[in-house]
Amino acid sequence: QAASNETVTVAMNADMRSTQPGVNRDGNTDGVMMHVVEGLVGYREDGSVGPMLAERYDISEDGLTYTFHLREGVRFHNGETMTAEYVVWSWDRWMDPETEWRCLADFDGTVGLEVTGVSAPDEHTVTMTLAEPSALLLATMARPDCGVVAVVHPDSVDEEGNWIEPIGTGPYKFGRWDHNRSIELNRFHDYVSRDEPMDGYVGGKQPTIETVRILIVPDPATVVAGLQSGDIDAAMLGSADSRSLRGVPGVELAVASNGQRNGLLIQTQDPLLSDPRIRRAMALAIDTEQAALGSSEGLGTPSNSNVPVASAWYGEMQAQGYEYDPEAARALLAEAGYNGEPIEIIANRRPVVPSYNVAIIAQAMLQEVGINAQVNTMEWATQLDRYSRGRYQMMSFTYSPRFDPALMFEQITGDKRQEPRKVWDNSQAIALIGELSRTEDDASRQALVDELHTMMIEDTPLLFFFPGVSVAAYREHVEGFTPWFGENPRMWAVRTIL
Amino acid sequence: MFLHIVRRLGASLPTLFLVSVLIFLLLRLVPGDPAQLLLGDLATEQSLARVRQQMGLDLPWPQQYLIWTGQVLQGDFGRSIQTGQEILPLILRRFGVTLSIVAVAIVIAALIAIPVGMIAAWKQNSRLDVGLVAISTLLLSIPSFWMGLLLLLFFGLHLGWLPVVGYVSLAENFQRGLLYLIMPVITLVLVESGTLVRMMRSSTLEVLRLDYISHARAKGVGERTVLARHAFPNAFGPTLTLLGIMLGNLLSGIAVVETVFTLPGLGRLLVEGIYARDYPVVQGCMLFIAALYILVNIVIDAIHPLFDPRVKDT
Amino acid sequence: MSLDDASPLLAVSGLTIEINDKLVVDDLSFAVAEGETIAIVGESGSGKTLATRSLLGLLPSGVNCRVGSMRFKGNDYRLDDLEALKTLRGHSLGMIFQEPMTSLNPALRIGQQLHEGLKLHTRLERAERERRILAMLERVGLARDRALLECYPHEFSGGMRQRIMIASVMLMAPALIVADEPTTALDAVVQREVMETMLALTREAGNATILISHDLAMVAHYASRVLVMCQGKLVEQGETVALLAAPRHPYTRKLLDALPRRVALAPPAPAEHPVLALQRAVIEYAGRRRWFRPTVSKRAVDCVSLEVARGETVALVGASGSGKTTVAKAIVGLVPLHSGEMCFDGRSLAGMDRSRRRTWRLDCQMIQQDPFSSLDPRMRVRQIVDEPLRLDAALDRGQRLARVNEVIDEVGLGVEFLERFPHQLSGGQRQRVAIARAIARKPRFIVADEPTSALDMTVQKQILTLLVELQRRYGFACLLITHDLGVVEQIAHRVLVMEQGRIVESGERDQVLDAPRHAYTRRLLMSLPQLAARAEGGFVLRERTLAGEGGAPT
Amino acid sequence: MKRLSLPPLNALLGGLLLGILVAAALVGLVWTPFDPLRINILGRLQAPDTLHWLGTDEFGRDVLSRLMDAAFTTLSISLLTVLAAVFAGVWLGVLSGYLGGLVDRLVMMITNTLLAFPGILLALGLLSVLGNSRYGIVLALALAYTPSVVRIVRGTVRSLRESDYVEAARVMGHSEPFILARHILPNCLAPLIVLATSMLGWAIISESALSFLGLGVPPPRPTWGNMLAASRENLADAAWLAVFPGLCISFALLGVNLLGDALRDFLDPRMKP
Ligand SMILES: Nc1ncnc2c1ncn2[C@@H]1O[C@H](COP(=O)(O)OP(=O)(O)OP(=O)(O)O)[C@@H](O)[C@H]1O
Ligand SMILES: Nc1ncnc2c1ncn2[C@@H]1O[C@H](COP(=O)(O)OP(=O)(O)OP(=O)(O)O)[C@@H](O)[C@H]1O
Ligand SMILES: [Mg+2]
Ligand SMILES: [Mg+2]
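Residue numbers (my numbering), protein chains in the order written: chain A, 1 to 498; chain B, 499 to 812; chain C, 813 to 1366; chain D, 1367 to 1639.
So here's chain A without its partners, still in its complex pose (with noise of 0.2 Å):
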């Protein structure tokens, strides 16, 4: 802190993967990819997609045709001015499996969306054209666990096809990466920001520290403490660790409700748990207010809705969820002849995420109206494990933020034969889902995104409480580092004052 904007340093609870964006990556590798590279678009701070590198795009009639205009003047970290080749290149990058794109399932038709060509008309101009018309084409672009499809330059790999280092055109150059301690990136002076304000992964970005270190720090009670003491400038945190850092001369604290969902799982496949009866009986014994409070120490926001409440898709209708009900939950409970058979939650104890406390609260409150739960603490892998083979009776479980409706709907449902992992198992929900994805006009698809949201609620095959909490935490003398709705920090906001 020897001048104002020098470092800063953040805390980070795991290392990245790789500085390869959208192949061997996590969360943490997506946020620090996320200030070295950009993609043609990128997702607002309500999810909603804008442009990034493109300056802005037309999409054709028919709806196969996307074209993308490219924004002038902007310069890889090389000092290499970024032109529609290069977009070229890097989408065949990135489509060529031997990259071993995460993403590549989602554009070669796999999963539904294809793309049939990829070129430059000229140099500030790239087309893309699809085999069938979709909605999901740019949300899955803007996708940072894609890697926002980076634009990155050709030095980034060697002759072999190996990569190096990213080379991109975001607001931070990639520094010096220190396994497992800390990773270090330097700001680009020569980054040209768009003129909008800053919103979300797009919009203008003004990087003003010159260097920003992130430090590895597993443990959240360290963390805290390194806040403390002054070790750390800035971290987000979880709900919980927070809590001790109230009222903490030097540090400040600022929340956000993200694109994670906390809920629990249902096994609607269970002996037991597939009579709805007795999911209602669970869901109206919850008291969601208290439950998200609880496990979140009061900062998270109630909903039961799989649509986040900081997305720009909540609305009104997400806002209806179960009324707590203990006296109509017995009676339920006794009609379904439920009998005090005992009913495992499985949760974990990562740090990360508030497992454990929904699992302990629901615990709490399914007991109050005679549903024998139990809890049962597993390590993270093999709940994962469990869940992804299905075999569970009930899971305390936080999914991972996605942007697009449609999406957040995709990874709950679907064919249990063939994905065990999916929780909701309805094909009427199934097909709105492929309605959803294909309608690109935004009034018709909140109405399917209502849909969807009242029949999730009516089947009850998994019960949401709330939104993911993130907690921006840092001193005093940093400015500008806000919790949004992707749950990463964003430090080319951020400057300190001394």
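Please note that a few of the clues may not be correct.
Stated by the list, open to error - Beta-carbon label-pair distances, calculated as ranges:
{"no.": "1", "chain 1": "B", "residue 1": "Gly720", "chain 2": "C", "residue 2": "Lys1066", "range": "41 to 49 Å"}
{"no.": "2", "chain 1": "D", "residue 1": "Trp1457", "chain 2": "B", "residue 2": "Gly594", "range": "39 to 47 Å"}
{"no.": "3", "chain 1": "C", "residue 1": "Gly1287", "chain 2": "B", "residue 2": "Pro512", "range": "57 to 65 Å"}
{"no.": "4", "chain 1": "D", "residue 1": "Phe1544", "chain 2": "C", "residue 2": "Glu1320", "range": "41 to 49 Å"}
{"no.": "5", "chain 1": "C", "residue 1": "Ser881", "chain 2": "B", "residue 2": "Gly720", "range": "23 to 31 Å"}
Simulated from the structure, these hints should not be mistaken for laboratory data. These numbers come from a predicted model, not from an experiment. Glycine is no exception: its CB is placed at the ideal position from the N, C-alpha and C atoms.
Fit chains B, C and D with the ligands to the known structure of chain A by using the hints.
Just chains B, C and D with the ligands now, with coordinates in the frame of chain A:
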């Protein structure tokens, strides 16, 4: 002696082989799929299959084992599933962190504990002795992670003297590096010296009863010399063995201390590897640790005769 | 030299040591003149060690309350003034300890240990010190070899270690040497040699010596004056010859009574077959097995034949390692015969069927050497004695109990001992329990492997008497293993002498003891000090004269 | 030098400490001030007061009740671990020490392998296989401790096998199994008891350490270790959550250590009258 060590190492190969089989089986039996963990909650069947194939996880177990051991024999421990890093350098780097803490701690603990234990034995049943035994029993009864937490609270947070997060290696910046080592080292020193003092005390007591001590005294040898020259080498034998066991355990088992102080050591690497089902990392770590353990014991056995010439004959 | 010398070298007065309010040394006063050798005798636990150790301030930790003073070379010292006593250690007062196995530091080369004393008490150059050390090593009967100095104590035998001990003390030329049972742990022949060496050296240097022992006959040989201690008190002292001739105190008399004496034994009744016969027995121990190398086995017993008849005691004597115990183990079936034959009642064991063989096993019992390790520390005496009876199916619980009571009485212990644990018994009492266990089933044959060598003289005598008495009552045949000819004199009918696995001499007891033919037998005999009873009461030292005197100590 | 009589004091103190904890554990089986699992969202993180003597945790659960409940879990796990290790270790040790030969070599090879796996790692690995249930932990820790038992029993058996009183029993004509049961095993007891007490201490630490790493007894069932681990999130403003479980662990260890010392002195032949 060198030849002896080599021969002992050769003799421990079957043990290492068994260890490797055990590690391998243990890991495969654990529920949890590395590919699944890598891809998270949105993995699809295709992507999973691709990752598995890439990692060679789709092959039958015996084949996987043979490939792994084959590579290990050529000095290639493979790459981490999670981060793609090469494992041997990774292990060595992490081990460096652990070693620097453990080695410093053990040396300090031994330097404190040996004289203290001997003095306690020499003054057996005196107030000093009772006090020292009480303190060391107390230290022995505080688990290292609890001790670490308390130190962290007091020196890191309350007094703010020492950094609570991060790690700087000694090679990078010696002075800053030292700061990060202080608390973990103190923790280990405190916890381990309790055991060592008691061990040294009891073996010194054993020795002080013997005739050659009386003989030395009868010759007119001063008490200090009696302790240092006559009692020490004989009393140190059992303590040395204990030190060996301790060293072996510490080099692999300070995951808890590393967790408390967020040190990127070998223990954490292993624990994180287990959480992430990073098979190659876990296998590599465990094999490395087992080999290390065997090696430490062999070396301790090899230097034992320096203190007790009788051992050589057995 | 005598007591009325104007100023003795050392005069101790009022030495009292108390442990937990119990007086273990009670107001002890004595004097030693310049160049004199005196002996302190007394049974185990009488306080000999503590009394002499306190002179150097070397009491064990926890033992410290004492009153008393001493005058040494004209200076006065209080015995509780540790610092002052420390200044005497080494160059004025030297001490040789009992146990050669633990008196040298196992971690230091003997050269270092020999140098240490000289370095402390002289200002000699290293070369000069080494010269003296080598000379001294030669004097105590070791080679004048610099290489010796590089060795560690464990590379020497017990006798050699004791010589090194002596050398290290003598090097400092102390005015007074205390030798606390310096040879008890060694075998008879070596004992004699070490003793001779030590006393020759002290005499040469004009040192005074205090010799501690429980063996009156042994010390009488060397000391001019004898002090007798009993339960911490000095009960009698005087010139050796006079004291032996006319012991006044009853305890002294008891000590003298315990001396081995040859008694006439009733010859065993003639029988058709010996109870046990061993014919050309060969016993081998397998050597360490090594891969790809032939296994070398060690022949411990080589073609030994012997017979023991009913009511007869046959003594098997020999040096340490000559194979005596091995023979015993073979007889009781603990090690197999490699070749040769063992017959029981004239019938070969090899030809017997299982049940008869078992009968033999049950009829053959053993008494072991060390009463401290031969009893299971976790069992009460009653259980121990009951053990062998459990195998007798004919006996029920009540009968067994009756037999236990009977036997315990026969070995001279009361029924009140039945509920005790071994550690609550003295050595002699333990050995009685072991004997009770051996005879409980009225065996026909007993092997006694050095049954008394761990016991002190008075107790030894009692045990041997008991054995003779029991043999008279039960008529068992007995093979007695020992290296102590004193024991042989007291109870054996016949003697077999073993050396390196072979029997080198055998015959009737008197014949072997009085006219030994083999050199080893002679050496054994020579090393046995003897006191002869005088017709008018008391004892006198007797030099053993043997026909054809031969081997001298090496 | 003044003589202080130490042995009775340490036995007394150790007995007292362990006694209190064991009593708390037993009482906790039938009665605790509050339900240890019952959450009370409104009463979270209350500092110790007259109602909740040791305060409440992040779910408003009563810390004292949880500690009492945990006492039984922790102590029973440690005890079961030691019993299991001793049981397995004695069998293997006796077989290998008494039979020698191939059996011995096999057993020693396995124990050496297990020993080369440092204890807590072995437990860590096994736990992931067995699942971190209570019995998984017992089994894993027991497996980690068995080698030390095997070693000590084997050593004792080998030395006793040749001892005078065992030979005496052989000469009497007793069968080998009889000798084993009556003479050899009882005499392994002293070193075993001493080892078992220190193992009890290790087991308490290991259980806590495993819980600390998130691999121990799965919450919500409390153990001292997982309570301590959970306390870290609120370390700065709810220190009692860390202090009391830590104290319990330390007291238990202190008790075990003191009692172990007293036992060692008592079993030492030199200390016998
Ligand atoms: N360290 C000690 N602590 C307590 N009592 C002791 C200690 N050493 C000796 N004693 C007791 O003091 C008494 C005298 O012992 P001491 O060793 O002087 O006997 P001793 O005549 O040398 O016997 P021995 O012939 O067996 O060597 C004995 O009753 C013994 O039990
Ligand atoms: N178990 C064994 N294995 C190998 N060699 C042995 C064994 N027991 C004894 N020996 C050897 O056999 C020889 C005879 O031993 P034994 O014990 O019979 O002698 P001993 O005459 O009883 O001696 P001591 O008087 O010392 O008791 C010795 O050289 C000894 O080293
Ligand atoms: Mg003595
Ligand atoms: Mg023998």
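Checked hints:
1. A hinted range of 41 to 49 Å holds for the C-beta pair Gly720(B) and Lys1066(C), which are about 44 Å apart.
2. Range check, Trp1457(D) to Gly594(B): about 42 Å between beta-carbon atoms, so the 39 to 47 Å window is met.
3. Separated by about 59 Å at the C-beta atoms, Gly1287(C) and Pro512(B) satisfy the suggested range of 57 to 65 Å.
4. Our hint of 41 to 49 Å for Phe1544(D) and Glu1320(C) holds, since their Cβ atoms are close to 42 Å apart.
5. Judged by the Cβ atoms, the range 23 to 31 Å given for Ser881(C) and Gly720(B) holds: they are separated by roughly 24 Å.
In summary, the structure agrees with every hint in the numbered list given earlier.
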